[in-house]
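J.: Okay, here's what each chain looks like letter by letter:
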Amino acid sequence: MERVFFGRRPAEEVQEHWKEEPIARLRTYLVNRFNWSKTQEEEVASECEERVDAAIKRYLATEPRPPETMFDHLYARLPSAYAGQRKEVEDQNA
Amino acid sequence: MPEVTLVDAINLALARALADDPNVVVFGEDVGVNGGVFRATAGLQQRFGVERVFDTPLSEALISGLCVGMAAQGLRPVGEIQFMGFLYPCIDQLVNHASRLRNRTQGRLSCPMVLRTPHGAGIRAPEHHSEATEAMLAHIPGLRVVIPSAPERAYGLLLAAIRDPDPVVFLEPTRIYRAVKGEVEDTGEALPLDVAFVVREGRDVTLISWGAMVKDTLDAADELSADGIDAEVIDLATLKPYDEQTVLGSIAKTGRCVIVHEAARTGGFGAEIAALIAERGLLSLLAPVIRVTGYDTVIPLPRLERYYMPSVARIVAAARKACKFAESG
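Residue numbers (our numbering), protein chains in the order written: chain A, 1 to 94; chain B, 1 to 329.
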């Protein structure tokens, strides 16, 4: 909570709104209704982190495509007016 | 062959597209029951039904968003914006979605939509009804910008736009909706996009224009011929992507170029053509490229608009100046 910057909003007003803050309310709901524990929360957070890290690693492991492919899905067929620009990118990075 | 007005040619093309392809849908403000503010869609709802030709709420953002969604799901939507001055709420959809859906999804989705809107001044309209901001649209990668200048090209280019697999903004020259007539056979034959039309051949000077100004440019060419100046007139027709080869080929022949557009001068599409000629046609030039354009001001209300619009006299004077420059040089 303390990490969030609220600018010039008065502290009492911020405090008041935390009561309605949806994520905090969801947490309270889970705790009250399903006996949601801190351990469970940490497990979910760590699983999410692992999945995101794995996705980032998968992406970084792919080979970047050749630069000139930036033109390849601009139109169904690249208009001849832009063929020269595509070739320029290709030649510069050959 | 029957002679029709430009707006009738639009109507014919829409009817032909609706008849030929069950995926074509036409909609906009007053497009259905009323038949359109300029009657471009008159009779279409009666003929093709309310599911294919329908009225929308007064929301241009909605019309353009509807186009994007329908096109992405395989329909061929043709949305109408009543005046170009009302197009600006569509910019978000055009720039952020229509023009780049194909790129964003690497070809999985595409956006074969057409957004039609009247373009330009000269009809004694109130504010926001006389806009010519085509250069703004022509700046957007992934979009096509098309503007006919005669009934036969309106028919053929609109059919091409509707059949094109990518998004097209189709600008319709309001001033000549009913002021020009031409022979249009309703054959369903489209004209090519991305191609400029040499509408008059000549040797001495190239006059380049688009939309309603092509008519004035042709009138100027007639006047110039009385002086012995043989002007070539190019109707650019597709502004994005435009036909550089036809422009450069003509300049190589004539060595002189006058660009005519009613849009404001600074950053207008004429500047793009002048830059192309400077980069790739410089050695052909016998005189500086001259622009005859609207001024860098808000398009005036009716009583002053004729002082804003490029006149035949201004086009003639510019062409004479270009020809004289070469003589004195």
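Take the hints with a grain of salt, since some may be wrong.
Claimed, not checked - Have a look at the derived ranges for each label pair, beta carbon to beta carbon:
#, chain 1, residue 1, chain 2, residue 2, range
1, A, 35, B, 165, 30 to 36 angstroms
2, A, 35, B, 59, 32 to 38 angstroms
3, A, 59, B, 109, 39 to 45 angstroms
4, B, 165, A, 58, 50 to 56 angstroms
5, A, 62, B, 266, 32 to 38 angstroms
6, A, 25, B, 105, 46 to 52 angstroms
7, B, 203, A, 59, 35 to 41 angstroms
8, B, 265, A, 82, 24 to 30 angstroms
9, B, 109, A, 67, 43 to 49 angstroms
10, B, 59, A, 37, 44 to 50 angstroms
11, B, 37, A, 82, 34 to 40 angstroms
12, A, 58, B, 96, 45 to 51 angstroms
13, A, 50, B, 51, 24 to 30 angstroms
14, A, 94, B, 203, 51 to 57 angstroms
These aren't lab readings, by the way, just hints derived from the structure by calculation.
The beta-carbon is built from N, C-alpha and C at its ideal position, and this holds for glycine as well.
J.: Is 50 to 56 angstroms right for how far apart the beta carbons of residue 165 (chain B) and residue 58 (chain A) are?
T.: About 32 angstroms separates the Cβ atoms of residue 165 (chain B) and residue 58 (chain A), which means 50 to 56 angstroms is violated.
J.: Cβ-Cβ distance between residue 59 (chain A) and residue 109 (chain B): within 39 to 45 angstroms?
T.: violated (21 angstroms)
J.: For the range 34 to 40 angstroms, tell me whether the beta carbons of residue 37 (chain B) and residue 82 (chain A) fit it or not.
T.: holds (35 angstroms)
J.: Using the Cβ atoms, figure out if residue 265 (chain B) sits within 24 to 30 angstroms of residue 82 (chain A).
T.: holds (26 angstroms)
J.: Is the hinted range of 24 to 30 angstroms satisfied by the C-beta distance from residue 50 (chain A) to residue 51 (chain B)?
T.: violated (50 angstroms)
J.: Is the hinted range of 45 to 51 angstroms satisfied by the C-beta distance from residue 58 (chain A) to residue 96 (chain B)?
T.: violated (27 angstroms)
J.: Within 35 to 41 angstroms: is that where the Cβ-Cβ distance between residue 203 (chain B) and residue 59 (chain A) falls?
T.: Distance hint for residue 203 (chain B), residue 59 (chain A) is violated at roughly 59 angstroms.
J.: Check the following: the C-beta atoms of residue 25 (chain A) and residue 105 (chain B) are separated by a distance inside 46 to 52 angstroms.
T.: violated (36 angstroms)
J.: Cβ-Cβ distance between residue 62 (chain A) and residue 266 (chain B): within 32 to 38 angstroms?
T.: violated (44 angstroms)
J.: Indicate whether the distance between the beta carbons of residue 35 (chain A) and residue 165 (chain B) respects the range 30 to 36 angstroms.
T.: Hint violated: Cβ distance 56 angstroms, outside 30 to 36 angstroms.
J.: Given the range 51 to 57 angstroms, decide if the beta-carbon distance of residue 94 (chain A) to residue 203 (chain B) lies inside it.
T.: violated (42 angstroms)
J.: Does 44 to 50 angstroms hold as the CB distance between residue 59 (chain B) and residue 37 (chain A), or does it fail?
T.: Hint holds: Cβ distance 49 angstroms, inside 44 to 50 angstroms.
Hint violations for this structure: numbers 1, 2, 3, 4, 5, 6, 7, 9, 12, 13, 14, all remaining hints satisfied.
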